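Novice: Given chain A, put chain B in place with the hints provided.
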Amino acid sequence: MAETNDMEQGLRAKAKELLESGQVKVVIGYEAGSVPFKCAPLFAETPEEADRLVWNPTCVNNLAVYLPEAVKRGKVAVVLKPCDAGSIVELIKEHQIERDDVIAIVVGCPGVLSLDGLSEMDLGDIRSIEWRGNGIAVTTGAGEVTIPREKAFAGKCLSCQTGEPALADIKIGESPAREPLRDAYISLEEYEKMSPAERRAFWAKQFERCIRCYACRAVCPACYCSECFVDKAAQLWVSKSTDPTANWFFHMARAMHLAGRCIGCGECERVCPVRIQLSLLGKKVHIDVEDMFDYEPGADPEALPVLGSFEAKDPDPCPE
Amino acid sequence: MPDEAKTEQVQTERKPTDWEPRLIGFLCNWCSYAGADLAGSSRLKYPPNLRVVRVPCSGRITPQFVMKAFERGFDGVLVAGCHPGDCHYSKGNYYTRRRMMLFKRLLEFMGIEPERFRFDWVSAAEGNKFAEVVEELTEAVKKVGPFKGVVKG
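Each protein sequence line maps, in turn, to chains A and B. Each residue of the first sequence is one higher than the one before, counting from 1 in our numbering. Each residue of the second sequence is one higher than the one before, counting from 1001 in our numbering.
Extracted from the complex, chain A is given alone in its bound form (with noise of 0.2 Å):
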């Protein structure tokens, strides 16, 4: 698609200029991967190295997950997803980065591939991965093959509203307006149907297959803790094992943790190796903070934080 080409063009430029004019110290944004299909996050401190910037649909990650280490070292470019540039606002507002430390370069996204969706069409020696019509194009040895999105993209792309993004110092491109495919919370009214007794088995099987690895963890720009209640051993919270009640608690606290301040960026859900369920929880929690508290996480930086602060007209336990 020649405005995608655009888009990555007009990134470069940009990127380049902000390093020349030593306006930040480094661009975070994406570079081709070791293998066609994923890309790697790339750091450019220089206008050599930000002509590797790419911007195409295997540029899935979460790039705002860098920024309270980065800004450490100076001003900082980001390149955002709109659906990440929400990240941002939160670490704003909890003071992990200051507004003037970050300029967010927001792109322009059609939608973001997934790699359970690539690999059941089962294509051999792919080449390269680029956005055409609805979907992807996949260059193979082979030839040209087109996916529609409802196979290529991730499932939030498939509910994306392609609103403005909540904050952006510059827009590359624009996302393009379209109907989403299915609703977001529709794996929550499945879930609903079913028991408490028939939930906690789901749960089971789900935990049983948790190792604790903590991916889930250290790719979510929220979770920033210099020490994470898991890993207290003085007060020991949770056992380290990975037995399903120990791991129940750390999938449980860790959603109270991040309630009102995940933005649904799915990070979590993608890098898990044994396919945990997480975006069960977040959305849970999300549409209850909406329902209950009125708040949208990564909306806006001036808000306080939803369970750092109260309302006289909070839902109450005993209504007058």
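Hints were generated in silico from the structure; no laboratory data involved. Since this is a predicted model, take the numbers as computed values, not measurements. Quick reminder that beta carbons are idealized off the backbone N, C-alpha and C, glycines included. Fair warning: there could be bad hints in the mix.
If you want the ones that stay clear, here's a sample from chain A, every Cβ over 10 Å from chain B, calculated [as the list claims (entries may be wrong)]:
#1 Ser-34
#2 Ala-40
#3 Gly-108
#4 Arg-127
#5 Ile-186
#6 Ser-195
#7 Thr-245
#8 Ala-255
#9 Ser-279
In silico lysine-lysine, DSSO-like type, Cα no more than 30 Å apart, as pairs [to be verified]:
#10 A:Lys-240 to B:Lys-1148
#11 A:Lys-232 to A:Lys-171
#12 A:Lys-72 to A:Lys-16
#13 B:Lys-1068 to A:Lys-232
#14 A:Lys-232 to A:Lys-93
#15 B:Lys-1148 to A:Lys-205
#16 A:Lys-205 to B:Lys-1152
Here are the in silico distance ranges between beta carbons for each label pair [claimed, not checked]:
#17 B:Pro-1056 to A:Glu-150: 18 to 28 Å
#18 B:Pro-1048 to A:Pro-41: 33 to 43 Å
#19 B:Gly-1149 to A:Gln-161: 12 to 22 Å
#20 B:Pro-1048 to A:Glu-98: 37 to 47 Å
Specialist: Structure of chain B alone, referenced to chain A:
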């Protein structure tokens, strides 16, 4: 209902069973713990199933306290604090309110029967209410049965 009639009702309706719920209550020092103490000094009869953990303020209570209780096999958990506006530390209970009301929904979502978790306000003068709350929680937990574990059927 007059106090004497309530006490009588509590005494006659409890029947001996093999299993007794093990309940834990996190009570704030200034209101709910004092309310519990008043229930005691008033010699009110209420089920003996509740173990009490006193905290300085209900704001000290995080979801991890409640989760720990269920993880350890308590059949039911009570969290009680001062009424909104009456917190000894001005606003601790407002934070508790948001936290616990949200957490209550998450607990139910995860398959822990809502009857097992009770979040309420009990003031230092509400000895009767405290007895009532423990009575109600005990009965509710008896109905749902022994807790088999956070991820067990």
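Novice: Against this structure, judge whether each hint is valid.
Specialist: Against the structure, the hints come out as follows:
no. : hint                                : in the structure
1   : Ser-34                              : holds, 38 Å
2   : Ala-40                              : holds, 36 Å
3   : Gly-108                             : holds, 35 Å
4   : Arg-127                             : holds, 44 Å
5   : Ile-186                             : holds, 16 Å
6   : Ser-195                             : violated, 8 Å
7   : Thr-245                             : violated, 6 Å
8   : Ala-255                             : violated, 6 Å
9   : Ser-279                             : holds, 13 Å
10  : A:Lys-240 to B:Lys-1148             : holds, 22 Å
11  : A:Lys-232 to A:Lys-171              : violated, 42 Å
12  : A:Lys-72 to A:Lys-16                : holds, 21 Å
13  : B:Lys-1068 to A:Lys-232             : holds, 15 Å
14  : A:Lys-232 to A:Lys-93               : holds, 26 Å
15  : B:Lys-1148 to A:Lys-205             : holds, 16 Å
16  : A:Lys-205 to B:Lys-1152             : holds, 10 Å
17  : B:Pro-1056 to A:Glu-150: 18 to 28 Å : violated, 55 Å
18  : B:Pro-1048 to A:Pro-41: 33 to 43 Å  : violated, 59 Å
19  : B:Gly-1149 to A:Gln-161: 12 to 22 Å : violated, 40 Å
20  : B:Pro-1048 to A:Glu-98: 37 to 47 Å  : violated, 55 Å
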